[in-house]
Amino acid sequence: MKRGTALRITAIDDAPNVGAILLNADNFSERLSLPDSLKAQNVARLTTGTALYSDMGRILCSITDDTVGWHDPLGGCSDETLVAKKYGFDTYQQARNAWHQNGLDGFLIELAKYGLGARDLMMNINFFSKVEVLEDGSMHFVPGNAVSGGAVEIRAEMNTLVILNSCQHPMDPANRYAQRRVELTLKKVPPPGPDDVCRTSRPENARGFTITERYFL
Amino acid sequence: MNLRDLEVIPETTLRISPRLAEDAVFDEVVLAGDWFVRTIKRGEFVRIVDLQGNQAVDTLFYNAHNYTDRYSAQDTIRAQSNVYLTAGTKLISTLRHVLLTVVADTCGRHDTLGGACSAESNMVRYDIDKRSMHACRQSFLKAALDWSAKTGREFNKYDLTANINFFMNVPVMPNGKLSFEDGVSEAGKYVELRAEMDTLMIISNCPQLNNPCNAYDPTPVRILIWDAPAS
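Chains as they are written, first to last, in our numbering: chain A, 1 to 217; chain B, 1 to 231.
One or more hints might be untrue.
As the list claims (entries may be wrong) - Chain A regions said to be covered by chain B (calculated; three or more residues, Cβ under 8 Å): (1) 75-88; (2) 94-101.
What the hints assert, rightly or not - Residues from chain A that keep clear of chain B, each with C-beta distances beyond 12 Å, as calculated: (3) K2; (4) L116; (5) N159; (6) L184; (7) L186.
Said to hold, decoys possible - Some residues of chain B that are not near chain A, with every Cβ distance over 12 Å (derived): (8) P18; (9) D34; (10) R47; (11) Q52; (12) I77; (13) A79; (14) V103; (15) G114; (16) R137; (17) T151; (18) T161; (19) D182; (20) A187; (21) I223; (22) P229.
For the record, the hints were derived by calculation from the structure and aren't laboratory data.
Even glycine gets a Cβ: it sits at the ideal position worked out from N, Cα and C.
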């Protein structure tokens, strides 16, 4: 995504999940830091007004619209072993396009297309999913967080390599492997103004936008 | 421990180690703002002692034979369905290996969501003028560069990732809020881990001067290591 564009992800089916990692497209050593994002904004959920910070104090993308209300930064991604254990192992030979894919391999394959690999993995976002944390620290996947028609929009504040996959959330208790569709729409958007919802949501974000804008001077 | 702490942390999560300091094969103090790198061999035990209380000990772990296989915060918390690390927690790697197990903990819980402070994140969190202050990721980078120079192995910024903050209290609320609270640690509290694989450990003893959670006073910690027990 080029700076000045926005990506809208819209659920076609109920209960989708979109795993996401982000890197600075102009310098791959800079990437999404969910710890920095959570710490700067004192949140463990992502929604409208949330800035997605890189490890360099800059904002890669920000969430400018969200009809769902909660996107998960905690649960991580599935892997081959987890998927085989939950849904059974199948081969592409047997299942063709219904074969069981997993989030980790999805990220690794797409990273490899840019010369990147396991060293470049980072904590990932799970758009459309919700993991609630109770007072004792226990994590609970909340089914039905997003339904068909739900949408989230992220605006690129930097040129960002966005890697997505629509594998099920690793904590999704559904015992059937499901391909749940989303639609991606990319568009040009104006730069964030002084009253922008992400810039004004916290004083930390006002500084984050200033630091990001200086990077492009 | 006061009553408020008892409400937050069930006493069952506290576990004392049977190992004695005089039997340790390694015993060293790491000052605030310093870094520490060492390989912990499979079967060895490593203890980190919070000498003066409420210190944050930012720590990264790697498979010593393959640095791309490294500590993964999300896989670790998902494997135990709990965001806090304590006795019994298995530290899981990105390639889904168990690197170490927390075998003793007299603090009760440790954070792995708050990340390590950096010069750049301090600019966001506190003030743009804080750029020049010392920070954990300055230490992590210097540790990585030194280790790479010493061993001839590639090790740099690409290897630095989401870390553990031993002794740090970062509660997550059911409404999705995250806060930085005063520590639940006290002078003398410790956490002890057993290496399940040969593991590289990198510590930045946090130099943060802007955060009230350490009373603006970063302090030393002590590292002890014991050999694997004879089998």
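Checked hints:
With a cut-off of 8 Å between beta carbons, the segment 75-88 of chain A has 5 residues touching chain B; three or more are needed, and the interface restraint holds. Look at the segment 94-101 of chain A against chain B: 0 of its residues bring a Cβ nearer than 8 Å to a Cβ of that chain, fewer than three, so the hint is violated. At the 12 Å boundary, the C-beta of A:K2 stays outside the reach of chain B, the nearest C-beta of that chain being 23 Å off. Taking the minimum C-beta to C-beta distance to chain B, about 9 Å, the non-interface status of A:L116 is violated against the 12 Å cut.
Listed as a non-interface residue, A:N159 keeps its Cβ farther than 12 Å from every Cβ of chain B; the least gap is roughly 18 Å. No beta-carbon of chain B is positioned within 12 Å of the beta-carbon of A:L184; the least distance is around 24 Å. Every CB of chain B lies more than 12 Å from the CB of A:L186, the least distance being 27 Å, so the non-interface label holds. For B:P18, the shortest C-beta to C-beta distance to chain A comes to about 26 Å, beyond the 12 Å cut-off, and the non-interface label holds.
Here B:D34 stays apart from chain A, with its beta-carbon at least about 22 Å from theirs, past the 12 Å limit. No Cβ of chain A approaches the Cβ of B:R47 within 12 Å, the least distance being about 23 Å, so the stated non-interface status holds. Separation of B:Q52 from chain A is adequate, the least Cβ-Cβ distance of about 24 Å exceeding the 12 Å criterion. At roughly 7 Å, the least C-beta separation between B:I77 and chain A is not larger than 12 Å, which violates its mark as non-interface.
B:A79, annotated as away from the interface, has a beta carbon of chain A within 12 Å; the closest lies near 10 Å. No beta-carbon of chain A is positioned within 12 Å of the beta-carbon of B:V103; the least distance is around 19 Å. The beta carbon of B:G114 is not kept farther than 12 Å from every beta carbon of chain A, the shortest such distance being approximately 5 Å. Its beta-carbon lying about 8 Å from the closest one in chain A, B:R137 breaks the requirement of being farther than 12 Å from that chain.
Even its closest Cβ contact with chain A, about 16 Å, leaves B:T151 beyond 12 Å, as expected for a residue assigned away from the interface. For B:T161, the requirement that its beta carbon stay farther than 12 Å from each beta carbon of chain A is not met, with the minimum near 7 Å. Its beta-carbon lying about 15 Å from the closest one in chain A, B:D182 satisfies the requirement of being farther than 12 Å from that chain. Against the 12 Å criterion, B:A187 stays outside the reach of chain A, whose nearest CB is about 24 Å from its own CB.
No Cβ of chain A comes within 12 Å of the Cβ of B:I223; the nearest lies about 23 Å off, and the non-interface call holds. The non-interface label for B:P229 is consistent with chain A: the shortest C-beta to C-beta separation is roughly 30 Å, beyond 12 Å.
Violated hints, listed in ascending order, are 2, 4, 12, 13, 15, 16 and 18; each of the other numbered hints is respected by the structure.
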